[in-house]
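Q: Here the protein sequences line up with chains B and Y, keeping their order.
Residue numbers for the first sequence, in the working numbering: 22 to 252.
Residue numbers for the second sequence, in the working numbering: 150 to 514.
Hints are computed from structural coordinates only; laboratory data are not their basis.
Bear in mind the structure is a predicted one, so any value in this text is a computation, not a measurement.
There's no promise every hint is true.
[Said to hold, decoys possible] These stretches of chain Y come out as covered by chain B in the derived footprint (C-beta under 8 angstroms, 3 or more residues):
no. : region
1   : 221-232
2   : 240-246
3   : 295-305
[What the hints assert, rightly or not] Just a sample of chain Y residues kept apart from chain B, beta carbon distances all over 12 angstroms, derived:
no. : residue
4   : GLY203
5   : GLY253
6   : LEU254
7   : ALA255
8   : PHE256
9   : ASP312
10  : ASP319
11  : PRO321
12  : PRO328
13  : ALA373
14  : PRO433
15  : GLU487
[Said to hold, decoys possible] Simulated restraints, written as ranges between beta carbons of each label pair:
no. : chain 1 : residue 1 : chain 2 : residue 2 : range
16  : Y       : THR221    : B       : LEU243    : 38 to 46 angstroms
17  : B       : VAL246    : Y       : ALA373    : 53 to 61 angstroms
18  : B       : ARG76     : Y       : THR221    : 48 to 56 angstroms
19  : Y       : ALA261    : B       : LEU37     : 44 to 52 angstroms
20  : B       : VAL246    : Y       : PRO321    : 53 to 61 angstroms
21  : Y       : GLN284    : B       : THR244    : 30 to 38 angstroms
22  : Y       : PRO483    : B       : VAL246    : 55 to 63 angstroms
Even glycine gets a Cβ: it sits at the ideal position worked out from N, Cα and C.
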Amino acid sequence: MSPILDGLRQAAALLLSRDPEVWAILWLSLQVSGTATLVALLIGVPLGATLALARFAGRGLAVSLVNTGMGVPPVVVGLFVSILLWRSGPLGELELLYTPAAIVVAQAMIAAPIVTGITLAAVQNVPEMFRLQLLALGASRTQMVWVVLREARLPMLAAVMAGFGGVISEIGASLMVGGNIKGQTRTLTTAMVLETNKGNFDVAIALSILLLVLVFLVNWALTWVQQRRAS
Amino acid sequence: MIGPSTILALRDIGVRYSPAFALAIPALDVYPGEVIAIIGPNGGGKSTLLRILGLLQAPDRGEVRFRDEAVTVAAGLAARRRMAMVFQQPLLADATVADNVALGLAFRGVPAAERAGRGARWLARLGVGALAHRQARTLSGGEAQRVALARALVLEPDLLLLDEPFAGLDQPSRAALIPELGGIVRAEGVTTILVTHDRAEAQALADRVAVLIDGRLHQVDETARLFRAPASEEVARFVGVETIVTGEVIAADGGVSLVDVAGRKLEIGAAARPGERVRLAIRPEDVTLAQRSESAALSSARNHLTGVVVRVTPGSPARVLVDVGFPLVAAVTPRSVEELGLAEGVPITAVFKASAPHLIRGGSS
């Protein structure tokens, strides 16, 4: 029997056995990536909206930086976050390196440009005349921005999906700043790398199935909300 | 000095778009309760002027005064909340009709229950009460524009600004909505500024009309007077005068002058000096056509000019261009076209009263 089929069979057994270690890894991945996505939303939505609506010197450069940030490899983010959080680094006193918080920081830095870029595009897609109409109905600038964001909520759900999808599946940054410590910073992706290196393909396949199911469930829920609104 | 009774006034407003085009408004006063239409060809600066009036765009120079106080775009939220504006497109939010109508009230912090009640009343008033729970994106163009008007009127604004609100509607929707809106703003006493390129809309709704051409106000006058007595050739052409000719006054007696136009003698009911060169504007609807043999018997009008039909443009009314020594346009019913057998080359007599030609002294010649 091929290693893949063998692995799939053993993966099913592993999943059905409700191995506490596997479920702990799953839960940690969900927590870390969910928190990072939330942080990215808190940064990226206001930043994207500001870049879309404000006119200031250097705006073009800022938009270019965001677009570049959307394509930055996670391993590069991991390197710089590691340097920042290193014991002798600028933020070393926080003692965050090799903790879930460090992974959250790194993943948030990966997801924030994605959320910012998609928010920027979504808000820019709302017609300028609609913004003018809101002001003409007596909206303050803050009220106008809030309604515009609400108007752009469907494409912005894509920002959530892209942000979460980007960080739940990344490996480089999590490995570098988390250290893949068993029971502490081991996520689905870092565990998969480890098990693959050890030749434990059944465990790696089980983890990959869990990862796929997790990504699918989150995206299915968000897509359901998005499409229900769209129809 | 700005009159204390103006609700909105502009002074020395200037906006420069390019070296070739600038909006320049030395003064414009809007009085409480009136409906004023700003008309003019597309690209003349009407929408920009309306945005300046609505405190949505800052002019390069000049002053906007609301209720006799200078206001700016940056610090104009309180004044803006005494206004409401409707654009050519309904620009509804992706929400229910009821939520859309409540939007401006929510901006003003009106409690939800009051928003719902007032919104329902105004939707009913605009004839779309049954649509309150529909999603705005499912509405037809006419329905959506009614909702947009309800959304503005529910604010009970001191000043309603309308930017071509009927331009995107089909003819039946426009025909129904224009008199309805006119009735509402009259009944409520809402001061209204209507921007339109359609002079019929201005005639139907406005007490006064301001003609804006190439960024400049050419005339601001009572509606009937402006259409009857345009101040310049540009205004005359925009308000539908199709015949503008030059003549020389050859005699004048009291309020009646005899003018030679291309060898034809026209009597006009206006004072002029003999020898004076004048421009005459004649509205097509003031000219009637008759068979040559019947014209004298049919009309007591002082001007009977024999000529030949040059062109008939079908429509209701049809436009008939007659060569009477100069080109003269008459508006006649399709039935008259048929009865008179109007076609190219047909001999005909054009008849109009001495009061029909309007003497233009200003503007280009």
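Q: Compare the structure with each hint and give your call.
A: Verification of the hints:
no.	hint	verdict
1	221-232	holds (count 4)
2	240-246	holds (count 3)
3	295-305	holds (count 3)
4	GLY203	6 angstroms, violated
5	GLY253	4 angstroms, violated
6	LEU254	9 angstroms, violated
7	ALA255	8 angstroms, violated
8	PHE256	5 angstroms, violated
9	ASP312	9 angstroms, violated
10	ASP319	21 angstroms, holds
11	PRO321	25 angstroms, holds
12	PRO328	24 angstroms, holds
13	ALA373	31 angstroms, holds
14	PRO433	37 angstroms, holds
15	GLU487	46 angstroms, holds
16	Y:THR221 - B:LEU243: 38 to 46 angstroms	43 angstroms, holds
17	B:VAL246 - Y:ALA373: 53 to 61 angstroms	58 angstroms, holds
18	B:ARG76 - Y:THR221: 48 to 56 angstroms	18 angstroms, violated
19	Y:ALA261 - B:LEU37: 44 to 52 angstroms	51 angstroms, holds
20	B:VAL246 - Y:PRO321: 53 to 61 angstroms	39 angstroms, violated
21	Y:GLN284 - B:THR244: 30 to 38 angstroms	20 angstroms, violated
22	Y:PRO483 - B:VAL246: 55 to 63 angstroms	58 angstroms, holds
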